[in-house]
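All chains, full assembly: derive it from the sequences and hints.
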Amino acid sequence: MKRLLRPLCLATLGLLLAWATPSPAQSFKGLDLSQSSKKKKKKPTRKPARGKKPTVAQPAEDDSDSDSDSGDTSTSGTPPADTGTAASTPTAPPPTTDPASSTPSMGLDLTSDTPSAPKAAPTMSFDAVDVSGKSGDRQRLDVAISLFKNEEYEKAAMSSFEMLQDAKLAGLHLEARYVMAKALYRMGLYHSSLGEFSKILAAGPETKFFRTSLEWLFFISRKTKNETVILDEIARYANQEFPERFRSEFHYLLARYHFVRGKALDQVGRSEDADKSFNEVKRLTLLIPKTDVFYPRAKYLEGLTFFRFGNRARSAAEKRADINTVGAIEAMKEIIRVTRSGSGLEAEQAVANQKLRELAFMQLARTHYGMQQNRYALFYFNKVERGTSQWLESMFEASWANYRVGQYEQALGNLITLSSPFFREEYFPEAMILKAVIYYENCRYRESSLILQDFERTYLPVHDQLELITKKQLEASEYYGVLSDVQKKNKEGQEKGETDVILERILRLALTDQDLKKTNESILELETEMDTFAEKGDTFRYSELSKQLLEGLKVQRTGLIEKAGIMAKGKLETELVSLKQLLANGLRIKFETVTKEKEFLEEQLKAGGKTAVVKKYRFSVAVADDQLYWPYEGEYWRDELGTYQYTLTKGCIQRDTANRTIQASERN
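If you're matching positions, the sequence shown starts at 1 in our numbering and goes up one per residue.
This list has only true hints and no planted wrong ones.
Dumping the calculated SDA-like pairs for lysine to any residue here, alpha-carbon to alpha-carbon at most 25 Å:
(1) K650 x A622
(2) K225 x A235
(3) K650 x E633
(4) K333 x G344
(5) K149 x L169
(6) K554 x I220
(7) K333 x F309
(8) K596 x V613
(9) K590 x R457
Hints were generated in silico from the structure; no laboratory data involved.
Written as structure tokens, this is what we have:
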């Protein structure tokens with residue numbers, strides 16, 4: 001066994017594969033767009049003269065408000081402005097419930113937020129507010145504003161809600177809803193807050209709070225795990241002029257919206273409409289300057305869009321000459337250049353850029369693999385760092401490239417890592433097919449047949465289970481429930497067979513689809529927000545406002561589950577088709593193997609048993625100074641994962657050795 005520094009293990013066996021070429025799926029990772037903001041001056045205690053704009057104290061978050069009597073105002077580097085109100089934010093926000101701090105199960109009881117028996121809500125009491133010279137209606141609004149200023153957000157929200165229930169106060173409803181939306185945001189009820197801001201925006205761009213409500217969309221997107229919750233809202237007001245400080249973020253989010261829309265249109269066969277969406281992605285990404293934090297994300301979208309157009313080329317030669325393929329490669333290389341250094345970035349932003357860099361390496365490798373430029377593909381696969389989120393995938397896909405160039409021992413070494421107990425929850429069924437093909441290529445027919453038998457024994461029941469699930473006439477939400485039940489069953493340690501374990505792996509694989517993953521995260525986030533209502537004070541918890549907000553969240557959750565169910569069904573169907581193809585490939589390999597064995601036996605009979613089909617290969621145990629040669633006996637060491645090479649000790653009689661160098665294979 002050969003050990004690299006960490007020590008790299010060389011096994012004294014042999015395998016490898018190639019047969020059907022892999023079709024690694026593209027993936028797009030949405031990243032957290034949260035940013036910090038500058039602070040403003042504190043608000044003076046005395047009231048400013050009429051017509052003058054007072055300064056306000058800004059909270060730690062970039063979401064504070066200022067006052068104005070003349071309309072919406074916003075300048076770069078400052079938070080959105082409140083207009084027509086006397087409301088201002090406190091100097092520091094109160095603690096809020098962070099949805100990321102807990103992860104409820106998918107099968108959550110949504111009725112637990114209300115008491116089993118009616119309970120009288122405690123009475124509200126408000127501090128005295130100076131209302132001299134103001135109408136009674138305005139006095140009620142000023143009470144809500146005062147409560148907000150005093151960080152009594154629950155009372156401020158309920159006071160505003162009571163005004164919304166009074167038809168006589170229709171003239172103040174918009175302003176009251178604005179105060180309530182901000183109060184809900186401060187309480188950590190981000191999805192509920194988004195619902196209220198959406199109602200304000202629906203009133204039209206000519207209304208007083210339209211502009212600042214648009215800005216609040218960005219603040220909410222930074223608080224939620226999945227910024228796509230606001231993509232539809234952003235797209236709805238795409239023709240509006242956004243403040244300069246949000247312009248790049250707006251263009252990026254709008255490009256994300258069109259990218260997701262284009263993918264959905266492609267899936268239903270509406271290619272012409274999809275082309276329009278993808279062309280819009282290219283236009284929007286060009287509007288983001290290179291110095292902006294959203295530039296790498298925009299380039300990744302642009303690269304995937306070019307790849308989508310270029311993927312229509314039929315042959316590798318056409319792809320190499322296609323301008324879209326070239327554009328995709330250049331976009332990914334640009335990402336690698338701009339993310340090379342993380343200096344000067346916040347830790348969170350640096351991590352996001354590193355993930356984007358890994359995805360760019362993977363996309364470059366896949367693009368070159370598709371053009372049959374295997375040496376370049378291996379170069380980029382090897383750039384993915386050990387232990388990162390893309391590492392195992394890169395090792396598996398690199399095994400195919402190694403097989404293509406005759407590097408059987410390196411391909412089999414990668415497969416040893418993938419089959420280790422450390423990664424038993426990962427789903428790589430094609431690895432067994434690849435291994436069988438490599439043995440077949442080296443005239444090891446008996447071993448190849450045994451591997452294929454093991455593959456059928458393991459994955460045929462999974463195929464049957466997937467077929468049973470997808471053929472059921474279930475509602476879309478029930479397909480999402482199937483995946484949730486499988487995950488729950490395995491997490492709770494219930495009795496399960498090998499098929500259940502593999503189905504859980506398929507669940508994890510399904511969640512690698514970024515659209516489904518993000519939708520799932522939004523569902524969990526909504527459930528978390530529902531739970532936070534139980535943590536609020538009794539006055540708020542048992543109020544009519546809470547009841548309405550909870551109903552709204554349940555409606556949102558139902559819609560998201562419906563959407564996730566459709567995607568889950570599609571993913572299960574895709575995996576079923578893939579498994580069918582692998583099983584068919586296995587049967588073809590088995591047929592070829594049996595045929596070769598028959599031919600060999602016939603030749604051996606004719607030669608009186610003196611004919612051989614395999615011979616011992618020449619190999620050396622000499623290794624580099626930073627390596628060790630170590631006999632492989634089935635043991636695994638974590639620090640050796642990814643460094644194995646598998647020594648084929650015997651194979652086809654017409655060969656001297658199993659491996660060829662990459663350079664030699666490229667010349668052939």
